[in-house]
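Peer 1: Protein chains in written order, with the numbering used here: chain A, 1 to 138; chain B, 1 to 181.
Certain hints may be false.
To be verified - Facing chain A, from chain B, some residues (calculated, C-beta under 10 Å):
{"no.": "1", "residue": "Tyr38"}
{"no.": "2", "residue": "Ser40"}
{"no.": "3", "residue": "Val44"}
{"no.": "4", "residue": "Gly76"}
{"no.": "5", "residue": "Ile77"}
{"no.": "6", "residue": "Asp87"}
{"no.": "7", "residue": "Val89"}
{"no.": "8", "residue": "Asp91"}
{"no.": "9", "residue": "Ala96"}
{"no.": "10", "residue": "Asn155"}
{"no.": "11", "residue": "Ser157"}
Treat the hints as calculated values from the structure; they're not laboratory data.
Only a predicted model underlies this, so the values are computations on that prediction, with no experimental measurement involved.
Glycine included, each C-beta is placed from N, C-alpha and C at the ideal position.
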Amino acid sequence: MSYRKQTEAAFKTYLAGKVGVPVYAGTSDTIKAMPCVVATYVGGSQNPPHVGNMDVTMSVSIQSEIDEEGQPNALEVHDELLSAIEDALFEPAILDINSATDFHLFGVTDHSGIERDTEGTILRETITITAPCALGNF
Amino acid sequence: MAATIKGKPLPYGTKTDGGILTLRVKRGSSDIYYGNMYASEVRVSYDSDSNTAVDSNGETISYCVYNRRRTLSLTGIVINTSGGTPDAVNDDLATANATFGTAIMPGDDLFVGYGTTSEWDEVHAEDADTNINNTQSTGGTGNYVITSVEKTRSNTSFAEWSITAIEHITAVVSDNDTSDN
Chain A
1 MSYRKQTEAA FKTYLAGKVG VPVYAGTSDT IKAMPCVVAT YVGGSQNPPH
51 VGNMDVTMSV SIQSEIDEEG QPNALEVHDE LLSAIEDALF EPAILDINSA
101 TDFHLFGVTD HSGIERDTEG TILRETITIT APCALGNF
Chain B
1 MAATIKGKPL PYGTKTDGGI LTLRVKRGSS DIYYGNMYAS EVRVSYDSDS
51 NTAVDSNGET ISYCVYNRRR TLSLTGIVIN TSGGTPDAVN DDLATANATF
101 GTAIMPGDDL FVGYGTTSEW DEVHAEDADT NINNTQSTGG TGNYVITSVE
151 KTRSNTSFAE WSITAIEHIT AVVSDNDTSD N
């Protein structure tokens, strides 16, 4: 059990309940279909010291292929997906993630983004949050 | 060739080998709080009152110190402890909130230690006792008495207690912090 594995698993399950597209944990190398959501553990620092709780930084990306000829309304679908994910990452909604096993999120201390980047016809928008977390069922 | 210095042993953190302290707060013979604290800061200070005698020229010829006292300031996060007071049978947020809400007050006795069976040499308040459970004071030293308590909840931080306690040192004062007196 590691913070990366538990945190990504918790976010994957939580976000999958919010959107009707695939949610992947970890790197975008595993993407098999778009539009999709990718939840990635960026890093963490212990807070408070000696305790084992971590301030965890997670990035959540929404990825879509914007090809209006091949997939009409792709941008509209992407926007709705982004809105749903953004709402899900704010408090108090995000506290529902605490139904996950061996994972607890106390709150969100930092919420940044939305950062947008494109690669060909692929549009990726990323929200980054930092949250004090613990691995336990509280 | 100059020697290369690669490190020195130094006291580190709020306590050697980790920052978890044991606190026991008593009101009379009753435990009000008995559990742990992740201390973020510990301060021990010594001070006193003083008086001087002067000669006919106004020169100080004698300096007297009295009312020596030791003041302990603790800041940290209190945590659930199974078997403590309150008893954290359930290691959950409800118990954590109840623990934080424990009503300690100025005037309560305070004992602080490394664990359940050993006192903390640098701050302990008793004479020749080595157990935090032992509430007796002998040899002229007193126990810590809490003089102020502050509980802090702030946005994006874990809730903390800040406690200030005082011990009047009425008799023997030893040569260093780690002696019993």
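Peer 1: For every hint, state whether the structure bears it out.
Peer 2: Evaluated hints:
no. : hint   : verdict
1   : Tyr38  : 6 Å, holds
2   : Ser40  : 7 Å, holds
3   : Val44  : 20 Å, violated
4   : Gly76  : 8 Å, holds
5   : Ile77  : 6 Å, holds
6   : Asp87  : 17 Å, violated
7   : Val89  : 14 Å, violated
8   : Asp91  : 8 Å, holds
9   : Ala96  : 8 Å, holds
10  : Asn155 : 9 Å, holds
11  : Ser157 : 9 Å, holds
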